[in-house]
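Residue 83 in this note's numbering is what sits at position 80 of the sequence shown, and the numbering runs on without skipping anything.
The hints are simulated quantities; they were obtained by calculation from the structure and are not laboratory data.
Incorrect hints may appear among the rest.
Below, simulated PhoX-like cross-link-like pairs (lysine-lysine); rule was C-alpha separation at most 20 angstroms, straight line [said to hold, decoys possible]:
{"id": "1", "residue 1": "Lys132", "residue 2": "Lys63"}
{"id": "2", "residue 1": "Lys7", "residue 2": "Lys97"}
{"id": "3", "residue 1": "Lys97", "residue 2": "Lys115"}
{"id": "4", "residue 1": "Lys63", "residue 2": "Lys77"}
{"id": "5", "residue 1": "Lys132", "residue 2": "Lys74"}
Distance windows between CB atoms, simulated [what the hints assert, rightly or not]:
{"id": "6", "residue 1": "Asn96", "residue 2": "Asp30", "range": "14 to 24 angstroms"}
{"id": "7", "residue 1": "Asn35", "residue 2": "Asn88", "range": "25 to 35 angstroms"}
{"id": "8", "residue 1": "Asn12", "residue 2": "Ser75", "range": "17 to 27 angstroms"}
{"id": "9", "residue 1": "Gln123", "residue 2": "Thr93", "range": "16 to 26 angstroms"}
{"id": "10", "residue 1": "Glu26", "residue 2": "Asp85", "range": "34 to 44 angstroms"}
{"id": "11", "residue 1": "Asp85", "residue 2": "Tyr50", "range": "37 to 47 angstroms"}
{"id": "12", "residue 1": "Lys63", "residue 2": "Gly42", "range": "13 to 23 angstroms"}
{"id": "13", "residue 1": "Val133", "residue 2": "Ile113", "range": "22 to 32 angstroms"}
{"id": "14", "residue 1": "Asn27", "residue 2": "Val133", "range": "37 to 47 angstroms"}
{"id": "15", "residue 1": "Ile29", "residue 2": "Gln123", "range": "16 to 26 angstroms"}
{"id": "16", "residue 1": "Lys7", "residue 2": "Asp47", "range": "26 to 36 angstroms"}
Every residue gets a Cβ at the ideal spot worked out from N, C-alpha and C, and that includes glycine.
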Amino acid sequence: MLNKIEFGNQTYAIIIRSSYCKENNIDFFTDNESPLQLGYMSRDVGYIIQPHRHNLVERKINFTQEVLYIKSGKVRVDFFDDNENFLDSTLLNKGDVILLSYGGHGFEMIEKSEIIEIKQGPYISEIDKVRFDNRFK
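Make a model of the complete structure from these sequences and hints.
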């Protein structure tokens, strides 16, 4: 299953649930202009991906996007707009993958959890993010 978290005309997140499956297929869930590409690949035994390398291409990244893979546990992700207003929450379970592409977000571990995070770099801690306190509960 695939979930897009959208508010207004903006996609805040794309979630690929652990149950997502398409036989012998490749799907990309982001458009070609997205600064971080998210795709899924299912290939039969013996399928070959031709060896390749990527060219040096200068890209401009305006804000950080990140992908989280929930290796174990259960995590609640909370979504916020650019004014730090709470929008909604959803649960992520073991094996789920989420691309956080827009807006604010926060997390609460519902169970002991292991998470693998992938994001663009370099990370510049003093200017890369704004932390805010939003007690919406």
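Results for each hint:
With a CA separation close to 18 angstroms, the supplied pair Lys132 and Lys63 stays within the 20 angstroms bound. The suggested pairing of Lys7 with Lys97 holds, with an alpha-carbon distance near 18 angstroms, which does not exceed 20 angstroms. Taking the CA atoms of Lys97 and Lys115, the gap is about 11 angstroms. The hint holds against a cut of 20 angstroms. In summary, the hint linking Lys63 to Lys77 is not supported, as the alpha carbons are separated by about 34 angstroms, beyond the 20 angstroms threshold.
The suggested pairing of Lys132 with Lys74 is violated, with an alpha-carbon distance near 25 angstroms, which exceeds 20 angstroms. Distance hint check for Asn96 and Asp30: the Cβ-Cβ separation is about 21 angstroms, which falls inside the suggested range of 14 to 24 angstroms. At about 31 angstroms, the CB distance of Asn35 to Asn88 agrees with the hint of 25 to 35 angstroms. Here the CB-CB span from Asn12 to Ser75 is close to 35 angstroms, at odds with the stated 17 to 27 angstroms.
Taking the beta carbon of each, Gln123 and Thr93 are about 23 angstroms apart, inside 16 to 26 angstroms as hinted. Roughly 40 angstroms separates the CB atoms of Glu26 and Asp85, a value that falls within the hinted 34 to 44 angstroms. Range check, Asp85 to Tyr50: Cβ separation about 42 angstroms, and the 37 to 47 angstroms hint holds. Checking the proposed 13 to 23 angstroms range against Lys63 and Gly42 shows it holds: the Cβ atoms sit about 22 angstroms from each other.
Between Val133 and Ile113 the beta carbons are some 25 angstroms apart, a value that agrees with the proposed interval 22 to 32 angstroms. Checked against the hint of 37 to 47 angstroms, the C-beta distance between Asn27 and Val133 comes to roughly 43 angstroms, which is consistent with it. At roughly 22 angstroms, the beta-carbon separation of Ile29 and Gln123 lies within the given 16 to 26 angstroms, and the hint holds. Separated by about 28 angstroms at the C-beta atoms, Lys7 and Asp47 satisfy the suggested range of 26 to 36 angstroms.
Taken one by one, the earlier hints fail for this structure at numbers 4, 5 and 8, listed in ascending order.
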